[in-house]
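Visitor: Here is what each chain is made of, one letter per residue.
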Amino acid sequence: MPYHEFDCSKCLPERKKHAVTKGTGDNLATALPLGYLNTIPGSISERGCAYCGAKHVIGTPMKDVIHMSHGPVGCTYDTWQTKRYISDNNNFQLKYTFATDVREKHIVFGAEGLLKQNIIEAFKACPDIKRMTIYQTCATALIGDDINAVAAEVMEEMPDVDIFTCNSPGFGGPSQSGGHHKINIAWINDKVGTVEPEITSDYVINYVGEYNIQGDQEVMLDYFTRMGIQVLSTFTGNGTYDGLRAMHRAHLNVLECARSAEYICNELRVRYGIPRLDIDGFGFEPLSQSLRKIGMFFGIEDRAEAIIAEETARWKPELDWYKERLKGKKVCLWPGGSKLWHWAHVIEEEMGVKVVSVYTKFGHQGDMEKGIARCGEDALAIDDPNELEGLEALERLQPDIIFTGKRPGEVAKKMRVPYLNAHAYHNGPYKGFEGWVRFARDIYNGIYSPMHQLSGLDISKDEIPTDRGFVTQRMLSDAHLPEEIAKSESLRRYTGKDDIIADLRKKNPPYFTPIIKAEAAE
Amino acid sequence: MTKITYKVTSEHPFPADAAAAAASLAAYEALDDVTKARVDQMVDWVMKNCLWQFHSRTWDRKRQNEGILGIAAKLLAGEPFTPQTPEDRCYWVDSVTLQRAYQATCPWLAEMSKEDIKALMKELHARIDYLTVTGSLNEELTDKHY
Numbered sequence: 001m002p003y004h005e006f007d008c009s010k011c012l013p014e015r016k017k018h019a020v021t022k023g024t025g026d027n028l029a030t031a032l033p034l035g036y037l038n039t040i041p042g043s044i045s046e047r048g049c050a051y052c053g054a055k056h057v058i059g060t061p062m063k064d065v066i067h068m069s070h071g072p073v074g075c076t077y078d079t080w081q082t083k084r085y086i087s088d089n090n091n092f093q094l095k096y097t098f099a100t101d102v103r104e105k106h107i108v109f110g111a112e113g114l115l116k117q118n119i120i121e122a123f124k125a126c127p128d129i130k131r132m133t134i135y136q137t138c139a140t141a142l143i144g145d146d147i148n149a150v151a152a153e154v155m156e157e158m159p160d161v162d163i164f165t166c167n168s169p170g171f172g173g174p175s176q177s178g179g180h181h182k183i184n185i186a187w188i189n190d191k192v193g194t195v196e197p198e199i200t201s202d203y204v205i206n207y208v209g210e211y212n213i214q215g216d217q218e219v220m221l222d223y224f225t226r227m228g229i230q231v232l233s234t235f236t237g238n239g240t241y242d243g244l245r246a247m248h249r250a251h252l253n254v255l256e257c258a259r260s261a262e263y264i265c266n267e268l269r270v271r272y273g274i275p276r277l278d279i280d281g282f283g284f285e286p287l288s289q290s291l292r293k294i295g296m297f298f299g300i301e302d303r304a305e306a307i308i309a310e311e312t313a314r315w316k317p318e319l320d321w322y323k324e325r326l327k328g329k330k331v332c333l334w335p336g337g338s339k340l341w342h343w344a345h346v347i348e349e350e351m352g353v354k355v356v357s358v359y360t361k362f363g364h365q366g367d368m369e370k371g372i373a374r375c376g377e378d379a380l381a382i383d384d385p386n387e388l389e390g391l392e393a394l395e396r397l398q399p400d401i402i403f404t405g406k407r408p409g410e411v412a413k414k415m416r417v418p419y420l421n422a423h424a425y426h427n428g429p430y431k432g433f434e435g436w437v438r439f440a441r442d443i444y445n446g447i448y449s450p451m452h453q454l455s456g457l458d459i460s461k462d463e464i465p466t467d468r469g470f471v472t473q474r475m476l477s478d479a480h481l482p483e484e485i486a487k488s489e490s491l492r493r494y495t496g497k498d499d500i501i502a503d504l505r506k507k508n509p510p511y512f513t514p515i516i517k518a519e520a521a522e
Numbered sequence: 523m524t525k526i527t528y529k530v531t532s533e534h535p536f537p538a539d540a541a542a543a544a545a546s547l548a549a550y551e552a553l554d555d556v557t558k559a560r561v562d563q564m565v566d567w568v569m570k571n572c573l574w575q576f577h578s579r580t581w582d583r584k585r586q587n588e589g590i591l592g593i594a595a596k597l598l599a600g601e602p603f604t605p606q607t608p609e610d611r612c613y614w615v616d617s618v619t620l621q622r623a624y625q626a627t628c629p630w631l632a633e634m635s636k637e638d639i640k641a642l643m644k645e646l647h648a649r650i651d652y653l654t655v656t657g658s659l660n661e662e663l664t665d666k667h668y
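Protein chains in written order, with our numbering: chain A, 1 to 522; chain B, 523 to 668.
In short, the hints are calculated from the structure, not lab data.
Quick reminder that beta carbons are idealized off the backbone N, C-alpha and C, glycines included.
There could be a bad hint or two in this list.
Claimed, not checked - Below are the DSS-like pairs computed for lysine-lysine, each with C-alpha atoms no more than 27 Å apart in a straight line: (1) A:Lys330 / A:Lys16; (2) A:Lys506 / A:Lys413; (3) A:Lys95 / A:Lys191; (4) B:Lys558 / A:Lys327; (5) B:Lys570 / B:Lys558; (6) A:Lys191 / B:Lys666; (7) B:Lys666 / A:Lys354; (8) A:Lys323 / B:Lys570; (9) A:Lys316 / A:Lys17; (10) A:Lys17 / B:Lys570; (11) B:Lys570 / A:Lys316; (12) A:Lys17 / B:Lys666; (13) B:Lys558 / A:Lys330; (14) B:Lys570 / A:Lys329.
Stated by the list, open to error - Some but not every residue of chain B turned toward chain A, in silico, with C-beta under 10 Å: (15) Leu547; (16) Asp555; (17) Val556; (18) Met569; (19) Lys570; (20) Gly600; (21) Glu601; (22) Phe603; (23) Gln606; (24) Gln625; (25) Thr627; (26) Leu631; (27) Thr654; (28) Ser658.
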């Protein structure tokens, strides 16, 4: 096994099995790090907890819900607003966060009364919101507070509200991924099948494992709507509580982030016979293939082809402008989970960059299998890295940019390595054809920012040149390009708007008349 | 000062069935060079462009591989396939995608007989099963819980 041992982790020999280098001829039977295990004592992990995985990642993107943490304020504060999962109801779920503010006296005497009081106060403070999720935390789980019983009591007293309880305290798994699992299963057990939806199309899907980061879901929703497909629910970005209670009526589950949401898809398949189709929403070719497959499933592939042709003609010249300038740039693909495999192959194919490392903080070995299968040779794959390992890898690999979260991202900046936020994005959305160009634009801006030259100068000792001006991005990126490429009239930089979601929300796309309704009208 | 050490309780003996993995690898190694190169090319396309082979558990991966590669073999051999259930239809969608990709990227397929294509697809199936199931180092594959 081509394990990679970090110098900084020689004192933690168990860490050796958590990193491998994919060498020539390596495959999944010869190169795979361990994963989804308890963090080794002494290794300062960058992981989140199971409560965070349930609430912050999966639960909170639901837009018409009061998200109440039953625990100390810190739990809810630290899972608030750091991921930009916007919504079309004025971002209610981002603007407010709720906690029962459990303190020492409650640990001694119990906090169920406090919880009930908080639930009622929250509903009174937000009279338009009639749905709530209560998240158990470590403290209240350990003292044995029965959040289900309190929720049932309130629902009896307030018949117009509905409450979902999520029992995923922070210690409920080695990482946030344990929380993903728990909330998936709780939702299908407690809520799916309790609402009957209005079916308005002959083609009905659940869009699963999509969290509407900076509008990703709304971009995809536009494509589906243009194809005449009804999206019954999105699990969970920009999704509604009652929409998600009706998941059992879809014809197909379209799954993006398998790591966070495959559980509910698998259960929907077993309990309701709804098949699961895994797709990639990133990149021109993978997205085209995904739209074609969904179209093919319903016998409307021509509608998918029309969208693919229109979008490709509009955006491909802009993607290629960036590709010419990003060729050969070394990138570390260090997101938390699914983007390591969503992006590993396609950014090499469509943007010309070279992935020199992939890592996952909380992914399972299955995620790493997908990542290693898709990345090229010599890539360093790391599971659950600690900060020192990240620093050592950056020094060794010398990437031109890294894609990661904001905590490791800020560390990289100190090493003068530009970073793009792979979790909440810089200037997303990144899904869809236009979104992919925006991603390329952000990579270009990151790599060629003149700031990085200036930041290398130490004003306390370096001589500061005063006889010349700054070198611009374009001077840097085009310095070694052939003239026909640099001055090409068929390629162009991104020409879209800053905010592409506002326009999508105003659209009134052409809906196809459902066959069911058309037949009834005749 | 006492040095605190952390002991690994498991040596992670994977793959779970080493004998099955060895037999599968030996069968692949015994293929002639042309067949092996063709299988490798087909495997590479699946690994880089598909997700269906990476469901979470052994039983699920076997089901997926059999469902999709089974239909794809028929389609590539020119035999008709009509999906009867939503699940069949879902497999068929991925199979058609595979068929189109192989027909576009593997020109030698056009010169092969039906029987040879089916035999090649059988080898591809065996290789995908080895990489994702029998030879896989993924310790969660045999977990009883999803």
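Visitor: To test your reading of the hints: which numbers does this structure violate?
Guide: 2, 4, 7, 9, 13, 16, 17, 20, 21, 22, 23, 24, 25, 26
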